[in-house]
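J.: As a plain string of letters, each chain reads:
There are 2 protein chains.
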Amino acid sequence: MTNMTKPWQDKLRKVEPYVPGEQSKNKNIIKLNANENPYPPSPKVMEVLKNMDTKKFSMYPNAGGAPLVDALAEYYGVERDQIFTGNGSDDVLALSFMSFFNSDKPILFPDITYSFYPVWCQLFKTPYKTKAIDDNFMINSKDYYEENGGVILPNPNAPTGISEGKEFIKDILDHNRDCVVIIDEAYVDFGGYSCVELLKEYENLVVIQTFSKSRSMAGMRIGVAIGNKDLIGVLNAVKNCYNSYTMDSVAIECGTASVKDDEYFRQTLNKIIASRERSTKAFEDLGFTVFPSHSNFIFVTNPNIKAKDLFETLKKENIFIRYFNLPRINNHLRITIGTDEQMDILTEHIKNYIKNH
Amino acid sequence: MTNMTKPWQDKLRKVEPYVPGEQSKNKNIIKLNANENPYPPSPKVMEVLKNMDTKKFSMYPNAGGAPLVDALAEYYGVERDQIFTGNGSDDVLALSFMSFFNSDKPILFPDITYSFYPVWCQLFKTPYKTKAIDDNFMINSKDYYEENGGVILPNPNAPTGISEGKEFIKDILDHNRDCVVIIDEAYVDFGGYSCVELLKEYENLVVIQTFSKSRSMAGMRIGVAIGNKDLIGVLNAVKNCYNSYTMDSVAIECGTASVKDDEYFRQTLNKIIASRERSTKAFEDLGFTVFPSHSNFIFVTNPNIKAKDLFETLKKENIFIRYFNLPRINNHLRITIGTDEQMDILTEHIKNYIKNH
Numbered sequence: 001m002t003n004m005t006k007p008w009q010d011k012l013r014k015v016e017p018y019v020p021g022e023q024s025k026n027k028n029i030i031k032l033n034a035n036e037n038p039y040p041p042s043p044k045v046m047e048v049l050k051n052m053d054t055k056k057f058s059m060y061p062n063a064g065g066a067p068l069v070d071a072l073a074e075y076y077g078v079e080r081d082q083i084f085t086g087n088g089s090d091d092v093l094a095l096s097f098m099s100f101f102n103s104d105k106p107i108l109f110p111d112i113t114y115s116f117y118p119v120w121c122q123l124f125k126t127p128y129k130t131k132a133i134d135d136n137f138m139i140n141s142k143d144y145y146e147e148n149g150g151v152i153l154p155n156p157n158a159p160t161g162i163s164e165g166k167e168f169i170k171d172i173l174d175h176n177r178d179c180v181v182i183i184d185e186a187y188v189d190f191g192g193y194s195c196v197e198l199l200k201e202y203e204n205l206v207v208i209q210t211f212s213k214s215r216s217m218a219g220m221r222i223g224v225a226i227g228n229k230d231l232i233g234v235l236n237a238v239k240n241c242y243n244s245y246t247m248d249s250v251a252i253e254c255g256t257a258s259v260k261d262d263e264y265f266r267q268t269l270n271k272i273i274a275s276r277e278r279s280t281k282a283f284e285d286l287g288f289t290v291f292p293s294h295s296n297f298i299f300v301t302n303p304n305i306k307a308k309d310l311f312e313t314l315k316k317e318n319i320f321i322r323y324f325n326l327p328r329i330n331n332h333l334r335i336t337i338g339t340d341e342q343m344d345i346l347t348e349h350i351k352n353y354i355k356n357h
Numbered sequence: 001m002t003n004m005t006k007p008w009q010d011k012l013r014k015v016e017p018y019v020p021g022e023q024s025k026n027k028n029i030i031k032l033n034a035n036e037n038p039y040p041p042s043p044k045v046m047e048v049l050k051n052m053d054t055k056k057f058s059m060y061p062n063a064g065g066a067p068l069v070d071a072l073a074e075y076y077g078v079e080r081d082q083i084f085t086g087n088g089s090d091d092v093l094a095l096s097f098m099s100f101f102n103s104d105k106p107i108l109f110p111d112i113t114y115s116f117y118p119v120w121c122q123l124f125k126t127p128y129k130t131k132a133i134d135d136n137f138m139i140n141s142k143d144y145y146e147e148n149g150g151v152i153l154p155n156p157n158a159p160t161g162i163s164e165g166k167e168f169i170k171d172i173l174d175h176n177r178d179c180v181v182i183i184d185e186a187y188v189d190f191g192g193y194s195c196v197e198l199l200k201e202y203e204n205l206v207v208i209q210t211f212s213k214s215r216s217m218a219g220m221r222i223g224v225a226i227g228n229k230d231l232i233g234v235l236n237a238v239k240n241c242y243n244s245y246t247m248d249s250v251a252i253e254c255g256t257a258s259v260k261d262d263e264y265f266r267q268t269l270n271k272i273i274a275s276r277e278r279s280t281k282a283f284e285d286l287g288f289t290v291f292p293s294h295s296n297f298i299f300v301t302n303p304n305i306k307a308k309d310l311f312e313t314l315k316k317e318n319i320f321i322r323y324f325n326l327p328r329i330n331n332h333l334r335i336t337i338g339t340d341e342q343m344d345i346l347t348e349h350i351k352n353y354i355k356n357h
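Those sequence lines, one after another, are chains L and R.
1 is the number of the first residue of the first sequence in my numbering; add one for each residue after it.
1 is the number of the first residue of the second sequence in my numbering; add one for each residue after it.
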């Protein structure tokens, strides 16, 4: 088949997919390009896995995600019918776009943000409008006062890492009472402000989080939505129109073990936050501007360095970081916070790069 | 929130979800209502699970599903770019509806079939038309000669269990060269005809299978699509517009182990087929009409028994089978093939029911 001319080909969907961070088969690389956690999940997760009986694999998993949903309800201090779990937060976000954004008016989100948002709009034919973040890469809340079909904001934002506080989120919510507002808190555990507490005040708010970053479980695919029970009910109905069982038995059980081990969770977060502060200083010492990050990555730029060239040089040296060839941020780099050892190797390589350029 | 009147509520999706077979928390039930396999997955799956290192959970899984895709390519004797894996065959089917059925003309499928098909049409706003199966519950291939936006047929059909052979499938394909034809082979391993061999002749054919039934892995959520590389390419692009990583690391590794243990797979299938033939005879002896099944369930009716009443009586006795309150089949029952022991208990209960009515 060489050219797209046959009648059955007219019926195929034409789409531009989201491109995730590169994967490499080489195990000796330093991988700081996908905001993965350098530490393993809680040892309790390993324990659950080792004690799991594969006999139960022959049965369908619990369609509602229990007991993970129960553990999360307790963790967030909400009712269990306020919690939805899905196959990674991308699944939860995709289902949320289908569930909540059904208006002829455009939904609003920042021009520089998680690059999957416009992809879902394309897939679900959702009209949208982006709002430019300012020159300091801050979101202007007034941009979201106009009439719209919904609002989605990541907090902290990606790939900038910049976080907003309670008053900012309340301002957005106060000016958007007629649509659903989604706050995508993928990175919130690394020191951001979580607006779960605002669910009591705003019935049109949905908060989405993930186990992929702070809980070291990107490989298990677990995402969460928290909202009022009517919104969560719609999300469940749409999910049951798509795939009744999105989370397998292992993900449900391992996720539950992670939520119950809060001590390990806090320890891991503190280690990453400490490495982030240490790395921020190291990059500043190398002449980089480092945006204030409340996430597990830093977003950096250096007027004397071509970001794309540094990115490609490091890749040849088996160090993977993230470069976005996009307007406004095409001289910036997003660097996941790894272990101190990994970050030291990275900064050494950058020092050498600077010396040779 | 009592009545749906607020502006943000107008933007919510209104849908009628698919209703899966009931789940019960009682572990002492005999569960023959969801076509689950009564035998565990291959012991190799358990081995993989026990040897798995949760450290790798912190990394994203392979977005393309390798090494599972490689194992399946070898198993089916096709190229690896002809294989797509997803989060259960419901995920694969949902993505296929989005990928392949983009026409103003209606897609066609039988009136009595997997009840998820019209749900996906509703969700994706795909026009469809159903074609009545005949009084013997056979699909008439001539019904699928008319112009359409696509065809989806389950073979064997559900909930009838009736299978069609090569000539029937070729007839459908020969009359549908201008659209994508999906053959949903969820139950094919239990003695049906698989049309994977026809992929060489028909570039518009997609075959979908699942690990949930024959491979005893409903709890792991693994589905497969096999087709020409252009169709599989579109499916991957649409998947990457929805959720880049639908299958977690454990599902990928455990699925691979299952595919590689063909001996265990064949043994399990043979046991279920033998139990099906034995149960067919037992039900016929009780006065039931049993449709000829090539699946892991039987579809039965008895003119002297009210199916709904028998279904409800058995439920009270902790035996779960499936009753569909739908036109044409509302005096029928779908019974999953369990172990011989489970089937004996079931027929004993039915004997008692008949005695008392």
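Derived from the structure by calculation, the hints contain no laboratory data.
Built from N, CA and C at the ideal position, the CB exists for glycine as well.
Among the hints, a few may not be true.
Negatives, chain R to chain L, calculated, CB over 10 Å [as the list claims (entries may be wrong)]:
hint, residue
1, N26
2, E146
3, D178
4, K316
Footprint (simulated), chain L over chain R, 3 or more residues, beta carbon under 8 Å [stated by the list, open to error]:
hint, region
5, 8-14
6, 30-43
7, 101-111
J.: What hints, given by number in increasing order, does this structure fail?
T.: When the structure is compared with the hints, only number 3 turns out to be violated.
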